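Next come the chains, spelled out residue by residue.
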Amino acid sequence: MRDLTLCGLKQALENRTYTSAEIVGAYREAYSQDRSHAKPLNAYIEFFADSLDHAREADALREQGKGGLLNGLPLAVKDNIMIRGKEATCASRILKGFTAPYSATVIERLQAQGALFLGRTNMDEFAMGSSCEYSCYGPARNPVNRDYAPGGSSGGSACAVAARLAPCALGSDTGGSVRLPASFCGIYGLKPSYGTLSRYGLIAYGSSLDQIGILARSPEDIALVLQAAAGVDPKDGTSAETAFPDLYPLAPLEFKGRKIALVKEFTEKGVDSEVHEITKRFAGWLKKQGAEVVDISLPVLHYAVPCYYIIAPAEASSNLARFDGVQYGYRDEAAHSLEEMYVSTRTKGFGTEVKRRVFIGNYVLSSGYYDAYYKKAQAVRSLLSRECQKLFTDIDFMLSPTAPVPPFPLGSKVDDPLAMYATDMCTTFANLTGLPALSLPAAMTKSGLPVGVQLTGAMFSERSILQAALSWRKSGESI
Amino acid sequence: MKYDVIIGCEVHVQLLTRSKAFCSCPNNFGGAPNSRVCPRCLGLPGSLPVPNRDMISSAIKAGLALHCKIAELTKFDRKNYMYPDLPKAYQISQFDMPVCAGGYLEVTADGQSRKIGIIRVHMEEDAGKNIHAQGGLNMSYVDYNRAGTPLLEIVSEPDIRSAEEAVNYVQSLREIMRFLDVSDCNMEEGSLRCDANINLWIYEDEKRFATPIVEVKNMNSFKAMKSALEYEAERQLDEWREKHLTLQAVGKTTRGWNDDRGETVLQRMKEEAADYRYFPEPDIKPISISQNLIKQIKQSIPELPEQKRGRFVQDYGIAQEAAEALTQSKALCDYFEEAARGYQEPKRIANWILSEVKKLLNEKQMSIEQFPVPARQVTELLRIVDAGTISGKIAKDVFAEMAASRKSAAELVETKGLAQISDTGELEDVVEKIIRENPSTVADFKAGKQKALQHLMGQIMNATKGKANPQVTIRLIKAKISGN
Chain C
1264 MRDLTLCGLK
1274 QALENRTYTS
1284 AEIVGAYREA
1294 YSQDRSHAKP
1304 LNAYIEFFAD
1314 SLDHAREADA
1324 LREQGKGGLL
1334 NGLPLAVKDN
1344 IMIRGKEATC
1354 ASRILKGFTA
1364 PYSATVIERL
1374 QAQGALFLGR
1384 TNMDEFAMGS
1394 SCEYSCYGPA
1404 RNPVNRDYAP
1414 GGSSGGSACA
1424 VAARLAPCAL
1434 GSDTGGSVRL
1444 PASFCGIYGL
1454 KPSYGTLSRY
1464 GLIAYGSSLD
1474 QIGILARSPE
1484 DIALVLQAAA
1494 GVDPKDGTSA
1504 ETAFPDLYPL
1514 APLEFKGRKI
1524 ALVKEFTEKG
1534 VDSEVHEITK
1544 RFAGWLKKQG
1554 AEVVDISLPV
1564 LHYAVPCYYI
1574 IAPAEASSNL
1584 ARFDGVQYGY
1594 RDEAAHSLEE
1604 MYVSTRTKGF
1614 GTEVKRRVFI
1624 GNYVLSSGYY
1634 DAYYKKAQAV
1644 RSLLSRECQK
1654 LFTDIDFMLS
1664 PTAPVPPFPL
1674 GSKVDDPLAM
1684 YATDMCTTFA
1694 NLTGLPALSL
1704 PAAMTKSGLP
1714 VGVQLTGAMF
1724 SERSILQAAL
1734 SWRKSGESI
Chain S
23 MKYDVIIGCE
33 VHVQLLTRSK
43 AFCSCPNNFG
53 GAPNSRVCPR
63 CLGLPGSLPV
73 PNRDMISSAI
83 KAGLALHCKI
93 AELTKFDRKN
103 YMYPDLPKAY
113 QISQFDMPVC
123 AGGYLEVTAD
133 GQSRKIGIIR
143 VHMEEDAGKN
153 IHAQGGLNMS
163 YVDYNRAGTP
173 LLEIVSEPDI
183 RSAEEAVNYV
193 QSLREIMRFL
203 DVSDCNMEEG
213 SLRCDANINL
223 WIYEDEKRFA
233 TPIVEVKNMN
243 SFKAMKSALE
253 YEAERQLDEW
263 REKHLTLQAV
273 GKTTRGWNDD
283 RGETVLQRMK
293 EEAADYRYFP
303 EPDIKPISIS
313 QNLIKQIKQS
323 IPELPEQKRG
333 RFVQDYGIAQ
343 EAAEALTQSK
353 ALCDYFEEAA
363 RGYQEPKRIA
373 NWILSEVKKL
383 LNEKQMSIEQ
393 FPVPARQVTE
403 LLRIVDAGTI
413 SGKIAKDVFA
423 EMAASRKSAA
433 ELVETKGLAQ
443 ISDTGELEDV
453 VEKIIRENPS
463 TVADFKAGKQ
473 KALQHLMGQI
483 MNATKGKANP
493 QVTIRLIKAK
503 ISGN
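Note that the protein sequences, when read in sequence, are chains C and S.
Residue 1482 in this note's numbering sits at position 219 of the first sequence; the count goes up by one each step and never skips.
Residue 451 in this note's numbering sits at position 429 of the second sequence; the count goes up by one each step and never skips.
If we strip away everything but chain C, and leave its shape as in the complex, we get (with noise of 0.2 Å):
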């Protein structure tokens, strides 16, 4: 049963196969046995316990022939989208114990569909890592080979998925932080165009960038959770109007007429050369398929990273600013002063990486500085997006890795910082230009390990990019 995709899952709960009680427990008891592995995975930091009752309440409603588009469907959800009455902590130890006070605009509109929700998955401690390493609860590991990293750091997220603890899972993605360890872990993550999920209860890292993405083992589940939760929220100002209505059932792409760039930026220096001879593969493919592909080279996308790197931790620093044991969270109460207790409370309660994203924030936001690092990065990003822009109108997809290396072993890069960043190679220019990008599951190295490669669209092109994975996925060649 737990072989079956959303969308299979759909249609066991349709046609009485299954129940949702049933399925719920199937993935429960997966997740009980997981726990009493020599290794366990650590994908979900905490399975709801009132998830069966949601399922029966489900089946109730099947029964009387009522129920929404996900009745009874079950997702996991990463621990920085807010669910109300369940906790959520970001994977930090500042926020543990804290309860969601309210839902996520994504999360009530799921609910109103009838999906319930699994559990809470791990990642790095507020999104900021590739490895999901970085959490207060120990790393997640792949499930391919569990010596390895998920990737991240919706790392949870992709873990549950493709160990099948989960037919779907949301995450979010700032800089790649869906589709790369969608790719380390062999299945499909969306990062939809900016605004196409409202971002109202994701609690933040960089505004401008995160975007909630859908992590699951088929393009068509990407496409029926996308359709009943994308759309325009008044409660998020940047939420575009955009919506998705009849995206389920999704058809294959006719792939004849359509040009793909594979962007020379992404396929050369500092691309491992079985990623690349992946990616080629995949571009070989598409022609096959009776696309057009083209080389191209956009000089700019070399300054993604760097430009991801100044913008993404200075709106950090200020969106992390909150946590500071006044309102809620964890508070050092052995603090003798105000100034004490932030300091302590936000020495104990943040990891590394994210004290080291706050310093590199607040530094590049200070006066004298701002010009030199902020401005110029937004100087920088505003050409990447014109670049883009013009690009688009001449393609239908930009073909390259999902990332430049394939899966590495737990414990190699959480010391390195800058190789950890680069991992984000080519993914962060999605965030920095809005555009929707997906990973799909392209090939296994010679050790076996998955490696995916990303096609990325024309803004709210997100229907022909999951069409184009349908095919892909249908053709066999798929891993």
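Treat the hints as calculated values from the structure; they're not laboratory data.
Among the hints, erroneous ones may be present.
Simulated restraints, written as ranges between beta carbons of each label pair [said to hold, decoys possible]:
no., chain 1, residue 1, chain 2, residue 2, range
1, S, E186, C, E1350, 38 to 46 Å
2, C, A1685, S, Q318, 51 to 59 Å
3, C, P1562, S, M161, 56 to 64 Å
4, C, F1622, S, D260, 44 to 52 Å
5, C, A1685, S, R290, 52 to 60 Å
Derived contacts from chain S toward chain C, CB cut-off under 7 Å, selection only [said to hold, decoys possible]:
no., residue
6, P61
7, G65
8, P106
9, F301
10, V494
None of the values given here were measured: they were computed from a predicted structure.
Yeah, the Cβ is synthetic: ideal placement off N, Cα and C, and Gly gets one too.
Chain C is already provided as a structure; the job is to place chain S on it using the hints.
Just chain S now, kept in the frame of chain C:
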């Protein structure tokens, strides 16, 4: 020594929008602590601000009234600093693209009218309030009711040249904001707050020296403002004489006004100035303001005090001082105009309002909006006086009675039998009787003593309970005595 006082004001006014700046919580004053809060104004994780349209309209309205240029594109920025009353640890404000800029306000001081430049008007949110436990308890609390309340910050050019002018500037500003219904500008409740930057330009040896700029805070009333700025100008002058410190050498410091001690106290040196690390608020898209919207808002702007004053002097022929007194509030203006409508002598209406109405308002501690006598009743009362039915003196008593009983002038005059006795037949009997009973006074009158007439009048008024028509009575007395 020749010197100029240079003052610029930063005024914060709280807007009267129905909801807060970036959430839908009610925007009221007071209430139980933390009773008007939501995830947004508490800055809870995951919450996002959505700007209140009415706040933007109010800002544009204020900007237009201050002759500002309205930005075609405006944006919000984050001002970052940590304090427990600031729930997000940043204030949503506007940094380099304020909604309005480059205006002026005409201010009168010392009988001279001058234009004070307005650098900018921008929108921002207010913080909550820290409450420190009393009675030796080592505890503090935060009330976030005020957090997220919409404010306008209005920054003047350093065009103000005296403490008096600064006070007049803020008063004029308050008057305009009230006329626009943008803010109630209540200094006690904190819906109008003013900080001032002040220094001196000292002319010595044919050179001009600027003393260090001081930002004066904590001026909680107009009186405090005047005292604080006068004190600070003095202090700077003394300091100059003593130390010759210039702006270039010292920079800007912050001092707080201590009302009890009557002095300003150093709060912060330039080196301690906070770095707010401003950057564009990524949660709110930049806002374009259409010409159409500006036009609409322009049309909604009522006649402002300055214009009203001119028109009152011109059209109603009332004195400048009376016009100034009447234009203190829009409601008072409306009351006057309503009462003056169709009345041949508007000046008398103005005088009546400024004396009788004001007197009652003061006695009853109420505003003109709460005053129970409708404006048209003032007109009616004066018409009754004009007709000679009652005297001006009786009218004052009648008016007080009208305010107390909410009865109309005519009704009171009728039911209380207050109408003057103008009927000669009826009066003749009284006059004859009094003349008969006061032979010595009559003799005095005949001898040319004016006081005698007054004495007789008094007797007659007593006898008629003040209802005798004075003109008719005098005529009768004179006729009776000379006729004898």
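Hints the structure violates: just list their numbers, smallest first. 1, 5, 10
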